[in-house]
Amino acid sequence: MTDPNSSVSHLDLEESKKTFLDANELVINMGPQHPATHGVLRVILRLDGEKVMGLECVIGYLHRGVEKIAENRTYTMFNPYVDRMDYVAAVSNGLGYCEAVEKLLNIEAPPRANYIRAILTELNRLASHQLWLGTHALDIGAMTPLFYTFRDREEILKIFEKYCGARLTTHAFRIGGCQYETYEGFEKDVKKFLTFVAPKIDEYEELLTTNRIWVERTKNVGTISAKDCIALGVTGPVLRASGVKWDLRKAQPYAAYKQFDFEIPTGQNGDTYDRYLVRMAEMRQSLRIVQQAVEAIPEGPIMAKVPKVIKPPVGEIYHSIEAPKGELGYFIVSDGSTQPYRIRVRPPSFVNLQALELMCRGQLVADVIAVIGTLDIVLGEVDR
Amino acid sequence: MAEENKPQENQAPASSPGGEKPSGEKIAGATGTPPPDAAKPPAPAEKPAAAPPKPAAPGEKPAAAAAPAKPAAPAKPAGPTPQPWDSPMVTKLTRQFGSGMQPLTYLGQNYLQVDRSLIPTILQLLRDEEQFNYCVDITAVHYPKREKQFDIVWILYSFPRNERVRVKTQIGDGEHVPSAVSLWAAANWLEREAFDMFGIQFDGHPDLKRILLPDGWKGHPLRKDYGIIQQDQEWVQINLGIESGQ
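Residue numbers (our numbering), protein chains in the order written: chain Z, 2 to 385; chain W, 93 to 338.
Don't take each hint at face value.
[To be verified] Computed beta-carbon distance windows for the label pairs:
| # | chain 1 | residue 1 | chain 2 | residue 2 | range |
| --- | --- | --- | --- | --- | --- |
| 1 | W | T183 | Z | P254 | 23 to 31 Å |
| 2 | W | D317 | Z | S226 | 26 to 34 Å |
| 3 | W | E267 | Z | P254 | 33 to 41 Å |
| 4 | W | S336 | Z | F197 | 35 to 43 Å |
| 5 | Z | K246 | W | R187 | 28 to 36 Å |
| 6 | Z | I214 | W | D299 | 55 to 63 Å |
| 7 | W | D299 | Z | L365 | 46 to 54 Å |
[As the list claims (entries may be wrong)] Pulled a few chain W residues facing chain Z out of the computed Cβ check, cut under 10 Å:
| # | residue |
| --- | --- |
| 8 | K184 |
| 9 | Y203 |
| 10 | H234 |
| 11 | N254 |
| 12 | R258 |
| 13 | A277 |
| 14 | A279 |
| 15 | W281 |
| 16 | E285 |
| 17 | M289 |
| 18 | G291 |
| 19 | R302 |
| 20 | L305 |
| 21 | Y318 |
[As the list claims (entries may be wrong)] Covered by chain W, according to a simulated footprint, are these stretches of chain Z (three or more residues, beta-carbon under 8 Å):
| # | region |
| --- | --- |
| 22 | 99-108 |
| 23 | 146-156 |
Simulated from the structure, these hints should not be mistaken for lab results. Backbone N, C-alpha and C fix where the C-beta goes; we use that ideal spot for every residue, glycine too.
Starting from the given sequences, assemble the full structure and let the hints guide the process.
So, in structure tokens, the structure goes:
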């Protein structure tokens, strides 16, 4: 069966023999081409009947060497590449990168730019959560939410398109601020969207929150404790659903987040259902932030004084933001030239995926799908 | 102080991206703007206005903004330098480790430059006594011209203190570092990635193997001597059945 030349197989032959003979364990391969793995994730499952005894993730199918590319581009040229990591939350990626370089340059984006950034980033968080909800529900067997969320997410993408011409990989921000002034009617569009989408979120909840099938499929599935989350470095809604009230927007505020009044929703049980509730609450909090931002958006320049050629002094910086998936960090080392000496991206999806094994052990095969969905991974970011 | 060693390695590949470069230089020159690094442009209001109109001409304009600094660059005043870092925690640590540990701060971010031999003790201590309970990231930086070629960086965060610290050490090619998996479970994949990309050996890691690249791959791509378009041709031929992946 196994081709000795193939280095792809991670199955240890000796071990699988042992498990076949000694116990009722069965080793099954899931993915990488599988509709429920949200991309190209391969999971090797060790099963006893329907029960998961253990699993191993095989990743890297989408590896593009983003960090290597960065070393061969200038700071400005690398900016669009970061959008291609977490491609459903490109705006967050761009924000993290621009802010990291700004810190390295020791400059600050002007207030107006920070407000525009906050509005777009929060809209993107909402879009990311909507996409998560639609696909996660679809994996579990509820098809309707997908149509609802995609319908409403479209409105956000329309705003992005009007603002910067792109819908997904937006490249909305520049080092030092924003490239574009808001278009005419931007505020009106955003406000209109807010009144449009608030009842829609209730609609999603009506479909799912008390739905018997949904509750049965998600309650006590993929439970993870706060202690394990911290040990595994899990961040974002997963950490919050386990009861840790920690959000980088509050803990170490960046952009304009200090000015906004919002709450950090948390759960208690750390199961799939709580993570669902936390993300639903986060959507509403995002709307709150956008509402405040769009009403208080100050006048002024949108770009800081940035040299035409970006050439940070020798040094290094780590800066992280709260992306929809968790802590997204950039560690940048500058050697004083126009190109970064090294950029390390700390992707939330990659680190969160590590918890999959722990969360699935002892669960049923069908729950693996639910847990992959609830972790909200994007393989473009896992593999970079 | 590790950054002083700055090999010019990436100057060479710089030529690959860029047919745009020369044009960029030209534009910068033509507009007659003062050298970009010159301290303060006289009319600050104009600057932002001048930079943004990129979208109109997607073809050329971005090249101008992205243009590397080669032509201009009059010696810029050196940026901020790392300063000694002082805090109650540091005093405590210094008492224990003395000269083996250099506490520094740069742009408001604190880090400890630590001797390789002290790493296990310091990491253990930071976690157990100083409450750095979250291992954010473990990564490496390659300086091929230095005797000790690699910087290993642990980025730690403490939930109770809401504080970050970086621990850095230097090791030579082929030297090992102790694994942190027993301290933070998160280190598992992070160390595997550092091994995959740099070939750093972590002693005591439960399953140190490649994570993003396939198992049989030769070479460690994030080392500076690994070219940007380099591939493991042999692996590509055997496993993909094609002559070259380029």
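Structure-based check of each hint:
1. The supplied range of 23 to 31 Å is met by T183 (chain W) and P254 (chain Z), whose beta-carbon atoms lie about 29 Å from each other.
2. Between D317 (chain W) and S226 (chain Z), the C-beta spacing of about 44 Å breaks the proposed range 26 to 34 Å.
3. In this structure the hint that E267 (chain W) and P254 (chain Z) lie 33 to 41 Å apart at CB holds, the actual value being about 40 Å.
4. Taking 35 to 43 Å as the suggested C-beta distance range, the pair S336 (chain W) and F197 (chain Z) does not conform, at roughly 52 Å.
5. Checked against the hint of 28 to 36 Å, the pair K246 (chain Z) and R187 (chain W) passes, with Cβ atoms roughly 35 Å apart.
6. The hinted range of 55 to 63 Å is not satisfied by I214 (chain Z) and D299 (chain W), whose Cβ atoms lie roughly 38 Å apart.
7. Taken as a hint, the range 46 to 54 Å is violated for the pair D299 (chain W) and L365 (chain Z), whose Cβ atoms sit roughly 26 Å apart.
8. For K184 (chain W), the suggested interface contact is broken, since its CB lies about 23 Å from the closest CB of chain Z, more than 10 Å.
9. Because the smallest distance between the Cβ of Y203 (chain W) and any Cβ of chain Z comes to about 8 Å, under 10 Å, the interface hint for this residue holds.
10. Against a cut-off of 10 Å between C-beta atoms, the interface hint on H234 (chain W) holds, since the closest Cβ of chain Z lies about 8 Å away.
11. Interface hint at N254 (chain W): satisfied, since its Cβ lies 5 Å from the closest Cβ of chain Z, which is below the 10 Å cut-off.
12. At its closest, the beta carbon of R258 (chain W) sits 7 Å from a beta carbon of chain Z; the interface hint therefore holds under the 10 Å criterion.
13. The beta carbon of A277 (chain W) comes within 4 Å of a beta carbon in chain Z, closer than 10 Å, and the hint placing it at the interface holds.
14. The beta carbon of A279 (chain W) is positioned within 10 Å of a beta carbon in chain Z (closest approach about 8 Å), and the interface hint is therefore held.
15. With a least beta-carbon distance of about 5 Å to chain Z, the hint placing W281 (chain W) at the interface is held under the 10 Å criterion.
16. Because the closest C-beta pair between E285 (chain W) and chain Z is about 8 Å apart, less than 10 Å, the hint holds.
17. Nearest Cβ of chain Z to the Cβ of M289 (chain W): about 7 Å, under the 10 Å cut. The hint holds.
18. Nearest Cβ of chain Z to the Cβ of G291 (chain W): about 14 Å, over the 10 Å cut. The hint is violated.
19. With a cut of 10 Å, the hint placing R302 (chain W) at the interface with chain Z holds, because the nearest CB-to-CB distance is about 8 Å.
20. About 6 Å separates the beta-carbon of L305 (chain W) from the nearest beta-carbon of chain Z, less than 10 Å, and the hint is met.
21. Restraint check, Y318 (chain W) versus chain Z: the minimum CB separation of about 8 Å is within 10 Å; hint holds.
22. Under the rule that three or more residues need a Cβ within less than 8 Å of chain W, the assignment of the region 99-108 of chain Z holds, with 3 such residues.
23. Only residues whose C-beta sits within less than 8 Å of a C-beta in chain W count toward coverage, and the region 146-156 of chain Z has 0 of them, not enough to reach three; the restraint is violated.
Hint check: violations occur at hints 2, 4, 6, 7, 8, 18 and 23; the rest are consistent with the structure.
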